[in-house]
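Trainee: For reference, the chains in residue letters:
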Amino acid sequence: MYDQGSAVHSSPSEPAPAIAVGPSNPARVVSIYVALIVAVQAVALLAGPTPATLGDAALVVAILTHFVLSLPAVERGRRQGAPSHPAVRALPALALLPVLGILSVTMVSARLPQLAWYALVGIPVALGVALVVRTLELDRRDLGLGAVSDMRQLWIAATGIPLAVLGYLLARPQPLLAHHDWRTLITGVLILTVFSGFLEETLFRGLIQPRLVTAFGPPGIPLTAVLFAAMYLGTRSAPYVLFAGALGLLYGRLASRTHSIWGVAVSHSLLNVGAILILPLVWS
Amino acid sequence: MTSTVNETTRHLFATTSYDIISTTAGLTAIVLLVVLLVEKEVLRTSRRTGQVRSLRALDVAILPLLFSFTFVVAMRFAVDVLHFR
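These protein sequence lines map, in sequence, to chains Y and H.
Its first residue numbered 153, the first sequence is counted upward by one per residue in the numbering used here.
Its first residue numbered 18, the second sequence is counted upward by one per residue in the numbering used here.
Mixed in with the good hints there might be a few duds.
[Said to hold, decoys possible] Chain Y residues, not near chain H, derived (Cβ > 10 angstroms throughout): (1) Val-190; (2) Pro-276; (3) Thr-287; (4) Ala-309; (5) Asp-333; (6) Pro-371; (7) Leu-406; (8) Ser-408.
[What the hints assert, rightly or not] Looking from chain H toward chain Y, a few residues come up when the C-beta cut is under 7 angstroms (computed): (9) Ala-78; (10) Thr-87; (11) Val-90.
[Said to hold, decoys possible] Not close to chain H: a few residues of chain Y, all C-beta gaps over 12 angstroms, as computed: (12) Ile-184; (13) Val-257; (14) Ala-278; (15) Gly-280; (16) Arg-292; (17) Gln-305; (18) Val-341; (19) Leu-433.
In case anyone wonders, no lab produced these hints; they're calculated from the structure.
Note that the Cβ used here is the ideal one computed from N, Cα and C, for glycine as well.
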């Protein structure tokens with residue numbers, strides 16, 4: 153249990169004990185942060201990106217400060233044989249979502265091609281993912297990126313093709329490329345594969361979902377799907393948001409059952425490449 | 018169409034000049050970066066946190082925001098000084 157601030161006598165050579173932060177139910181606190189993250193995305197939709205950016209900034213400070221101040225008490229409790237608090241370990245991963253919200257507005261410029269935006273936003277987000285992995289001392293298997301020994305991953309990856317058609321029909325995006333030469337197309341495929349498909353699945357299904365499942369049990373999967381769908385509120389398309397939510401549930405279940413995100417990452421990459429890059433060129 | 022670059026971003030850049038965007042969102046990111054850096058130093062010197070290792074969690078936001086700060090400054094330099102259009 154949390155050290156609720158009761159006196160812990162320490163020797164003069166030891167630092168003072170960390171203060172206990174928040175109620176004795178860390179899972180409830182994490183669920184409040186999840187609700188706030190979704191609320192900020194709704195603010196972006198209703199009031200524009202500026203108030204949402206302010207909300208994201210406040211959330212980043214709140215979530216990371218909460219984690220920093222909670223961690224010593226949690227680790228001290230664990231050393232004393234008390235139950236660990238897996239919900240606390242979800243906080244650094246959740247903090248990446250408001251960071252992503254800020255980066256998606258500050259790391260882009262109308263003077264640069266839209267394709268470059270994915271890389272400009274993706275690089276610092278990938279850095280953030282790596283730092284969370286370091287903070288939580290995770291390895292590749294914890295992220296679902298262990299060696300693939302399961303043919304099911306191929307079938308899961310193949311779902312990206314029909315999903316791309318469905319996603320395109322729902323969203324009807326404008327063509328992303330102004331030029332149709334092979335070099336630009338291959339560059340676009342690489343950028344969307346790495347910085348959109350793989351990065352999003354590493355973040356949501358590799359990093360956030362396992363922490364939420366450990367904290368809340370099976371409801372962690374639909375909770376992650378809600379967060380995933382909330383990031384698509386900016387599409388201003390209710391069918392596409394529902395599609396994103398259903399996709400999050402599907403990918404979440406598949407990743408959880410197979411203990412691997414390789415298949416869903418490839419599927420998501422195929423979906424994005426098809427729906428955003430290829431199909432708008434073919435059907436425009 | 019993706020969670021990294023979404024329609025909110027596209028709509029913003031279709032309706033608002035970069036000057037306004039870099040002033041509001043960019044300023045928010047820079048202020049947030051400064052707040053996190055100050056917080057890290059305050060907590061480091063505070064006896065309450067106990068473990069300095071936990072402060073590295075703040076790097077989860079600090080380093081990506083450093084990227085953002087560098088980009089915002091570089092774009093402002095390119096637009097205002099080099100007149101990049």
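Trainee: Against this structure, judge whether each hint is valid.
Mentor: Structure-based check of each hint:
no.	hint	verdict
1	Val-190	holds, 13 angstroms
2	Pro-276	violated, 4 angstroms
3	Thr-287	violated, 5 angstroms
4	Ala-309	holds, 18 angstroms
5	Asp-333	holds, 22 angstroms
6	Pro-371	holds, 21 angstroms
7	Leu-406	holds, 18 angstroms
8	Ser-408	holds, 20 angstroms
9	Ala-78	holds, 5 angstroms
10	Thr-87	violated, 10 angstroms
11	Val-90	violated, 11 angstroms
12	Ile-184	holds, 19 angstroms
13	Val-257	violated, 4 angstroms
14	Ala-278	violated, 9 angstroms
15	Gly-280	violated, 5 angstroms
16	Arg-292	holds, 19 angstroms
17	Gln-305	holds, 22 angstroms
18	Val-341	holds, 14 angstroms
19	Leu-433	holds, 14 angstroms
Hint compliance for this structure: hints 2, 3, 10, 11, 13, 14 and 15 are broken, all remaining hints hold.
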